[in-house]
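In case you want the letters, here they are:
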Amino acid sequence: MPPEATRVHPVDDRDAGSVEAGLDALDTPVTAYRESPVRRIAARALPPIGAIAVFVLIWQVLWAAAFWPEFKLPAPVAVWDQIWQLVVSGEILELFWTSVHRAVIGFAISLLIAVPLGLAIANITVVRRGVGPLVSGLQSLPSVAWVPAAILWFGLNDRAIYWVVLLGAVPSIANGLVSGLDQVPPILPRVGQALGAGRWSGIRYILLPAALPGFLGGLKQGWAFSWRSLMAAELIATSPDLGEGLGQYLHNGMSLSDISMVFAGILLIFVVGVGIELLVFRPLENSVLRARGLTQGVR
Amino acid sequence: MTATIETRTVAPPVTTVRFHQVGKTFGQSTKAVVALDQVDLAVGPGEFVCLVGASGCGKTTLLNLVAGLDQPTSGRIELNSSRPAVVFQEAALMPWLTAAGNVELPLRMAGVGKAARRATAAELLELVRLAGLGDKRPHELSGGMRQRVALARALASTTDHTGAGAGKPSLLLMDEPFSALDAITRDVLQGELLRIWRATGTAILFVTHDVREAVRLGQRVVLLSSRPGRVVREWNVDGLTDGAEAAAVDEVNAALRTVISSHAA
Numbered sequence: 001m002p003p004e005a006t007r008v009h010p011v012d013d014r015d016a017g018s019v020e021a022g023l024d025a026l027d028t029p030v031t032a033y034r035e036s037p038v039r040r041i042a043a044r045a046l047p048p049i050g051a052i053a054v055f056v057l058i059w060q061v062l063w064a065a066a067f068w069p070e071f072k073l074p075a076p077v078a079v080w081d082q083i084w085q086l087v088v089s090g091e092i093l094e095l096f097w098t099s100v101h102r103a104v105i106g107f108a109i110s111l112l113i114a115v116p117l118g119l120a121i122a123n124i125t126v127v128r129r130g131v132g133p134l135v136s137g138l139q140s141l142p143s144v145a146w147v148p149a150a151i152l153w154f155g156l157n158d159r160a161i162y163w164v165v166l167l168g169a170v171p172s173i174a175n176g177l178v179s180g181l182d183q184v185p186p187i188l189p190r191v192g193q194a195l196g197a198g199r200w201s202g203i204r205y206i207l208l209p210a211a212l213p214g215f216l217g218g219l220k221q222g223w224a225f226s227w228r229s230l231m232a233a234e235l236i237a238t239s240p241d242l243g244e245g246l247g248q249y250l251h252n253g254m255s256l257s258d259i260s261m262v263f264a265g266i267l268l269i270f271v272v273g274v275g276i277e278l279l280v281f282r283p284l285e286n287s288v289l290r291a292r293g294l295t296q297g298v299r
Numbered sequence: 300m301t302a303t304i305e306t307r308t309v310a311p312p313v314t315t316v317r318f319h320q321v322g323k324t325f326g327q328s329t330k331a332v333v334a335l336d337q338v339d340l341a342v343g344p345g346e347f348v349c350l351v352g353a354s355g356c357g358k359t360t361l362l363n364l365v366a367g368l369d370q371p372t373s374g375r376i377e378l379n380s381s382r383p384a385v386v387f388q389e390a391a392l393m394p395w396l397t398a399a400g401n402v403e404l405p406l407r408m409a410g411v412g413k414a415a416r417r418a419t420a421a422e423l424l425e426l427v428r429l430a431g432l433g434d435k436r437p438h439e440l441s442g443g444m445r446q447r448v449a450l451a452r453a454l455a456s457t458t459d460h461t462g463a464g465a466g467k468p469s470l471l472l473m474d475e476p477f478s479a480l481d482a483i484t485r486d487v488l489q490g491e492l493l494r495i496w497r498a499t500g501t502a503i504l505f506v507t508h509d510v511r512e513a514v515r516l517g518q519r520v521v522l523l524s525s526r527p528g529r530v531v532r533e534w535n536v537d538g539l540t541d542g543a544e545a546a547a548v549d550e551v552n553a554a555l556r557t558v559i560s561s562h563a564a
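Protein chains in written order, with our numbering: chain A, 1 to 299; chain B, 300 to 564.
Calculated directly from the structure, the hints in this document are not laboratory data. Computed from a predicted model, the values in this text were never measured in an experiment. Where is the CB? At the ideal position from N, CA and C, for every residue including glycine. Keep in mind that a hint or two might mislead.
What the hints assert, rightly or not - Output of the computed footprint for chain A on chain B, the stretches with three or more beta carbons under 8 Å from beta carbons of chain A:
| # | stretch |
| --- | --- |
| 1 | 403 to 415 |
| 2 | 427 to 441 |
Stated by the list, open to error - Restraint-style ranges between C-beta atoms, simulated for each label pair:
| # | chain 1 | residue 1 | chain 2 | residue 2 | range |
| --- | --- | --- | --- | --- | --- |
| 3 | A | Trp153 | B | Val332 | 25 to 31 Å |
| 4 | A | Ala120 | B | Ala430 | 40 to 46 Å |
| 5 | A | Leu134 | B | Ala498 | 35 to 41 Å |
Claimed, not checked - Below are the DMTMM-like pairs computed for lysine to aspartate or glutamate, each with C-alpha atoms no more than 25 Å apart in a straight line:
| # | chain 1 | residue 1 | chain 2 | residue 2 |
| --- | --- | --- | --- | --- |
| 6 | B | Lys435 | A | Asp27 |
| 7 | B | Lys435 | B | Asp481 |
| 8 | B | Lys435 | A | Glu285 |
| 9 | A | Lys72 | A | Glu285 |
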């Protein structure tokens, strides 16, 4: 107990409490009004649907005007028929499964490599100076450039494909983590230290969660890179042993000179890329931003 | 000068923290900046000591040394308490955690079980009059409320009774905690701090540049000089009432002005 606290306070305790409660009520930020879910979804979904409709319409008009021969620009309906055929025959499941499971496995391995790498770059000066520029450089090197080397090293198999995916995704994820960690306000690790954080608990409880928004950006980019690297690899490295993925399907379309098949392939690759972004990364990012009150970033 | 304020130089026999000729220098040789020079200072158990001084007097450095965030260049600091709790000028709450999550954070890092953590956090939030607001996020709270959560969190970091400091008197370090708040909130929080100090019996080392605040809150006010930071004088201001309090504020202010004008040349 403090020795003889005899100070006379001008305002008595209960009064101070009510002044404080009043201040709390007045100063608390007002939470923004949230519209109904139906309207919110409509407001978000309608513009892209409209854009797609306009795009298809222009395509239809161009095709009907017959500017280009049929083997260069297919009719929208012909492309739709190709896709519908894949759906009816169930072949689409195999295409999706082959490509998506490769991308997911490749992405997961990339994550396992990139997180320790990013942590090392961000926290150890020598590693940052030595490896940092290398990782940034690799990020701007198109990973397709590794396809020939990968085929020579591993042969035409899944390992060659994973190698290319890894080189596409690891630098993006690692760089995302580094920039996320660099943007952590310096006061937070200091506070953590004052609260008794050790080296590891500091990383686990302070640094990683604080870096999460930047890291998520890196993950998103890493996914995009791993998906496009995979498609490039599948397109170039085609062999019956590899199973038929979307890249292979696209390649077959080219071999058969079937432009509607080529368009269908491009469309399906696009749909998977955008779908994963919309179904996985966007909600993740939104919930992280909203929890931190960064609502202007929520889309 | 007509004020009759006794100046105290003898430290109490039992101390929570004691500085022995502590010096802190940043940088080397010619470019070195001496932040603290031969500082002797003691804070007794449950004592409320305010440090005042102009910019560059090493107030923050001094707190960092006690908190173990930095090491002294010379001299030594004798710390006889559990881990000092620190409240910074900014609340610096973790934006991804709720108010209760922030208070639980030091306990979580100390390996305290979930149920015990919850109970302690609820208790501490009640102490700072934020009971029932534990699941609010920092961005949903006002500046004053955030600073109270930061105080509760700091208190949680000393109430860990598992470490080497278990059972020893606790110490709260505050680095201009109210200076970023508006006047009325600051006034109310000063009252709150005194209430919490009485309720918990913790020793407080409080850094401020506001002499009025120092005299109102502290039992002792210590004036530091700037570049290098040295202890210039200290005043015992415990239990002063209106007239004497105003006189003390004037006297400390005059001394602070003298220190500052010595830098004009």
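The hints, checked one at a time:
no., hint, result
1, 403 to 415, "holds (count 5)"
2, 427 to 441, "holds (count 7)"
3, A/Trp153 / B/Val332: 25 to 31 Å, "violated, 56 Å"
4, A/Ala120 / B/Ala430: 40 to 46 Å, "holds, 44 Å"
5, A/Leu134 / B/Ala498: 35 to 41 Å, "violated, 57 Å"
6, B/Lys435 / A/Asp27, "holds, 14 Å"
7, B/Lys435 / B/Asp481, "holds, 22 Å"
8, B/Lys435 / A/Glu285, "holds, 20 Å"
9, A/Lys72 / A/Glu285, "violated, 40 Å"
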